[in-house]
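Got two chains here, separate frames each, mind docking them using the hints?
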Amino acid sequence: MTDNRHKIEQVPPRSDWRDPAVEFRKGTYCHSAGAKYVEALGLPNPRDWNPADADWKLPSDWKEIILNGMAERLERFRSFKLFMDVCVRCGACADKCHYYLGSNDPKNMPMVRAELIRSVYRRYFTPAGRVFGSLAGGRELTEEVIKEWFYYFYQCSECRRCSVFCPFGIDTAEITMIGRELLNLLGCNINWITKPAADCFRVGNHLGIQPHAFKDSLEFAADELEEVTGIRVDIPIGKKGAEVLFVMPSADFFATPHYYTLLGYMSLFHEIGLDFTYSAYASEGGNFGLFTSHEMMKRLNAKIYDEARRLGVKWILGGECGHMWRVLHQYMETMNGPADFLEAPVSPVTGTRFENARSTSMVHICEFTADLLYHDKITLDPKRNDKWSVTYHDSCNPARGMGLLEEPRYVLKRACNNFHEMPENTIREQTFCCGSGSGLGTDENLEMRLRGGFPRANAVRHVREKHGVNLLSCICAIDKATMPTLLEYWVPGVEVAGVHELLGNALVMTGEKERTTNLRGEPLQAAVPETSPAEVVHG
Amino acid sequence: MRTEDAILERWFARAVEAYPGETVRFLTAERDQFRNPVGHVLRENLAVLLRELLGGMEPSRTKPALEAIIRVRAVQELTATQAVEFVFALRSVVGELAPEHDALSLGRKVDQLALMAFDEYVRCREKMYEIRLNESRRALSVPAAMARMGS
Chain A
1 MTDNRHKIEQ VPPRSDWRDP AVEFRKGTYC HSAGAKYVEA LGLPNPRDWN PADADWKLPS
61 DWKEIILNGM AERLERFRSF KLFMDVCVRC GACADKCHYY LGSNDPKNMP MVRAELIRSV
121 YRRYFTPAGR VFGSLAGGRE LTEEVIKEWF YYFYQCSECR RCSVFCPFGI DTAEITMIGR
181 ELLNLLGCNI NWITKPAADC FRVGNHLGIQ PHAFKDSLEF AADELEEVTG IRVDIPIGKK
241 GAEVLFVMPS ADFFATPHYY TLLGYMSLFH EIGLDFTYSA YASEGGNFGL FTSHEMMKRL
301 NAKIYDEARR LGVKWILGGE CGHMWRVLHQ YMETMNGPAD FLEAPVSPVT GTRFENARST
361 SMVHICEFTA DLLYHDKITL DPKRNDKWSV TYHDSCNPAR GMGLLEEPRY VLKRACNNFH
421 EMPENTIREQ TFCCGSGSGL GTDENLEMRL RGGFPRANAV RHVREKHGVN LLSCICAIDK
481 ATMPTLLEYW VPGVEVAGVH ELLGNALVMT GEKERTTNLR GEPLQAAVPE TSPAEVVHG
Chain B
1 MRTEDAILER WFARAVEAYP GETVRFLTAE RDQFRNPVGH VLRENLAVLL RELLGGMEPS
61 RTKPALEAII RVRAVQELTA TQAVEFVFAL RSVVGELAPE HDALSLGRKV DQLALMAFDE
121 YVRCREKMYE IRLNESRRAL SVPAAMARMG S
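Protein chains in written order, with UniProt numbering: chain A, 1 to 539; chain B, 1 to 151.
You may find that some hints are simply not true.
[Stated by the list, open to error] 27 Å max Cα-Cα, derived DSSO-like pairs, lysine-lysine:
1. A:Lys466 with B:Lys63
2. A:Lys63 with A:Lys107
3. A:Lys413 with A:Lys377
4. A:Lys26 with B:Lys127
5. A:Lys383 with A:Lys513
6. A:Lys466 with B:Lys127
7. A:Lys57 with A:Lys26
[Stated by the list, open to error] If you want the ones that stay clear, here's a sample from chain A, every Cβ over 12 Å from chain B, calculated:
8. Lys57
9. Leu82
10. Tyr124
11. Arg309
12. Val346
13. Arg353
14. Thr379
15. Glu406
16. Arg414
17. Met509
Hints were generated in silico from the structure; no laboratory data involved. It should be emphasised that the depicted structure is a prediction, and the values quoted were computed from it without experimental measurement. From the three backbone atoms N, C-alpha and C, an ideal C-beta is built for every residue, glycine too.
The following block holds chain B by itself, in its conformation from the complex (with noise of 0.2 Å):
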């Protein structure tokens, strides 16, 4: 296996020790993106963030993969400090892994993405009371009935 692979895996290992250990089982050998929609959009994303982190941090790449994961964890049973650990765990990973990797350069990098998580975080439950709104507006608003009111 090649390091980067070995890192992916233990990186996604480490992300979901945030589930039940029965679920851990299921999030790791189902994967048909379907079948397993939260261990699909983990481990498919996780990998464009592992290629960014060792590459160029492009932003165009970097933040929908992010975006993808946190809009996932936000709305689980999970702290925020706990939907966003996923980030810090990959210092640790790459130092077991690969410890000739440069440590300060990827960890001023995977404190940039720990920082673009919170904001991600802080943006998706926002969403959700923005939605929730919405959906209430929703509710009564027979288009007639509005324009009999004048509104």
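With the rest of the complex left out, here is chain A (with noise of 0.2 Å):
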């Protein structure tokens, strides 16, 4: 008996990858960039579109920009050339994407979302591609392809999973860069990059905030953590002939829980004395040039060693933040060094010299307080942190992008008394990315997000079933920004954290009153017992 009263036809067509029609469905894209900040940042063709718009108003000559805009860039970066011709589509990149896991697109395979860019790439700039057109894997360029890209490669964080499993090296998320960078061209870009980039750009930082208020924030926090810890602590800005420049992302000082890690970068510098000035001018680590263009990244970060050389510090220190790291690890000295006029970096508590850091002279904090704690030179009570059962996501850009991976857990160790990881192959090299990364932590783009993000959230829940998890810590900024949500929708029950967060909690602070509260101002706890899987509700 077969009963097909209720047979909905579901399957969606199978049509040919090369196929670019795409459905801008409310949820899964992120609003045009508004006029007035593309003009602000001098980008071309500043205009009001919407992405489900049928006419885009392009240039009339757009597809003379892209192609030269290709031609440029192909000449310009050796890797862009490789990476478009190297790639054998062996697939082995093909089930690592986390889009592609949670959203179960075709497209978001990374090599298919190469093949968008390659495939015109072999019709105008191969032999046989010219010759014999789609024949030889070409596709033409229409109007079409760009909006397909415009979907695709803003469906991309730029996390670089992909590239760890790429048996040739291929770089997708560098191919996404030239992808949008080729977008920008025809004034196809996003609100949520442009407007920070053009704030951070005029008034230094992504929401705009100004010298005044920044100081003001920075005050308010240092009067909330003298509540929690009685000690008054210094605010430092702009001081000229400070050993040390420290840089976060705008974001700890004005949303949370990135806030409460701003507390714990405070109490950690008040207790060792740290000779370190605060900059209003260099207020935001964050970079979403990095997210538009390589020119636009360059503008962006070259206030940090403007100001560093200003107020002639010796070194710089950097807070918590995801890309700010891949920026300042990766293209920071080419773009803007030598950093000639700063020394190499060393530890004032410790005399540790940071090597590794010699030719930017930026050390992370996670390695800065890491060296501290391997020195003893301060004092952890973790049982203030016992509330928490605490596990570590692996931040992308600073696992994937610097190799920072031993230090935040060498932190989290010392100041936590319950930590468990999650499953080896979503951690480390191999972390699956929050899903809001590259400027996509918008809350029009939620749906695409969620998709995104299950995977990472799917290991959360893991951990959260064995071992009765409550807390996710992490390093970046958008993280913070964005885990809250994701986990509220996948595995509520979870917060997040910045580790310095949790070092704050524990930080034992030289003349401190007793500490009643954590740096949320919530009552410290006695340990709890771990939930046991049973207990645990499927949320």
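Below, the structure is given as structure tokens:
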């Protein structure tokens, strides 16, 4: 007996991947950039437009612009040329992308996403493609293709997980970066990248917070910290001759839970007596230029060295941020170096010379703190974090972009009594992205973000059920902004914190009052027995 | 292969029909829980649902399993009907592989599960709007600034 009465035809057409048609369904794409922000950055074709509209108001010579742009980049970037030629479509990357795993859309397989641009390369830049067209794997460049690029290159968070598995070392993130650069030539930008970049360019940080408000924010944070610890910390801003310039992502002083990480930094710097300064000019470590173009990235990054030079510091310390570190670690010296006016960073407390950071003179705060702990220069009381059962999410950029794997764990294991790793194939180099990186963390794009974040959340759920984990720690401002949302949907009951929030909780400060709350102002609790798997509610 | 296993395999195959062809192969073949999270959630929870549908439909086991599947499908590129259709598919799968089964009793349970699936789908979509709102609240919620404003 076969009952087909309820059978609804649900098999999508098995269309050829070369068909560029995409549907812009609400919740799965980002808003276009406002004309005033495009104008502020001097980018081409500022206008009001909407990705869901039929007419994107492209310049009349759009095709020539793209092909010239590709030719120029093939000449400038050997990596781009190599990545266009060398892929054999072995499929090693196919099932490694979190967007593919969460959305199950084949065009999110990294090699297919790259193929969207590679097919145009073949058609217009290879002899076989010029002659044989589609027979040689080429595709005509049409407006539909531009729309498809926009849809899929803003569905790649440039996390580089796929590149870990590529036998040729193809970095699909770089292909996405070039794809976005090309789209930018036509004025096809998204607002959540262009607005922060414009604010950063004009005022100094993503929200356009002006120097007096920056100062206010830090002073209020000092007030908060005093309430918790009884200790008043200094807020040096633009202090000439300080030893160290400290640069953090601006979310640390305007968003939660980032803010508690700021309180952690402040506690630490006070306790070790660091001679440092904040800067209202270099008040943003984040760099949305990375998601726009190489030129924009360089422009926004330049202020960090400019300020270090102006203030006469010896070296620079950087806070917990993701893509900020990709820029600092991989591009800064080439773009705005050499940092010959700075010294090789030396910890004033331990005397450790950070040789690894000699070229940029910029040290990650997790390296700095791990070194302090290694030399027993600070005292921690991990019991103050006993309300948390903690796991660690390797934020993509520090993990894959700069190899920072052990230092955050070293700090966490000293600062917390309950620490549990997620499964091996979801952490360290193989970490799954939050699904919101590279400027995609907007609220209008939430549905797509939930798809992209599912593989990560699936691993969090595993440690929640197995070990009763209730806190996900991380060292990226975008993670801190978007993971709470992701986990609220996928794994309710797991909160998000920075590594230095947990360090700040545990840090025993000289002359402190008896701590009754953590940095969030929540009462310190005695250790709770870990929840057994059976007791965890399936959210 | 036991009949129940065969039913599960075919039910799984019907449930993944909603995805493009290239993906169906991957969802079916890759068994690692973390390398194939969608396939894993589907397979693991369909097994629970099948046991319950052929058994006593214990809510404490049925509901979480159904929720886990719908939570994924509610945010994917599927319409509401595509997201819940897999429930109805069981009727014909059982009809094909175990025609001796009491179709009336199973049909009733499938209907009940389908109604629960609709409820869960709506709950997930509502949850999505709720978390979107919560996120925008958090984005500008430095406690000190809020205290200053007296909120």
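Hint check:
{"no.": "1", "hint": "A:Lys466 with B:Lys63", "verdict": "holds, 20 Å"}
{"no.": "2", "hint": "A:Lys63 with A:Lys107", "verdict": "holds, 23 Å"}
{"no.": "3", "hint": "A:Lys413 with A:Lys377", "verdict": "holds, 16 Å"}
{"no.": "4", "hint": "A:Lys26 with B:Lys127", "verdict": "holds, 16 Å"}
{"no.": "5", "hint": "A:Lys383 with A:Lys513", "verdict": "holds, 16 Å"}
{"no.": "6", "hint": "A:Lys466 with B:Lys127", "verdict": "holds, 25 Å"}
{"no.": "7", "hint": "A:Lys57 with A:Lys26", "verdict": "holds, 20 Å"}
{"no.": "8", "hint": "Lys57", "verdict": "holds, 27 Å"}
{"no.": "9", "hint": "Leu82", "verdict": "holds, 26 Å"}
{"no.": "10", "hint": "Tyr124", "verdict": "holds, 27 Å"}
{"no.": "11", "hint": "Arg309", "verdict": "holds, 31 Å"}
{"no.": "12", "hint": "Val346", "verdict": "holds, 34 Å"}
{"no.": "13", "hint": "Arg353", "verdict": "holds, 36 Å"}
{"no.": "14", "hint": "Thr379", "verdict": "holds, 27 Å"}
{"no.": "15", "hint": "Glu406", "verdict": "holds, 22 Å"}
{"no.": "16", "hint": "Arg414", "verdict": "holds, 27 Å"}
{"no.": "17", "hint": "Met509", "verdict": "holds, 19 Å"}
Figure legend: structure checked against the earlier numbered hints; every hint is met.
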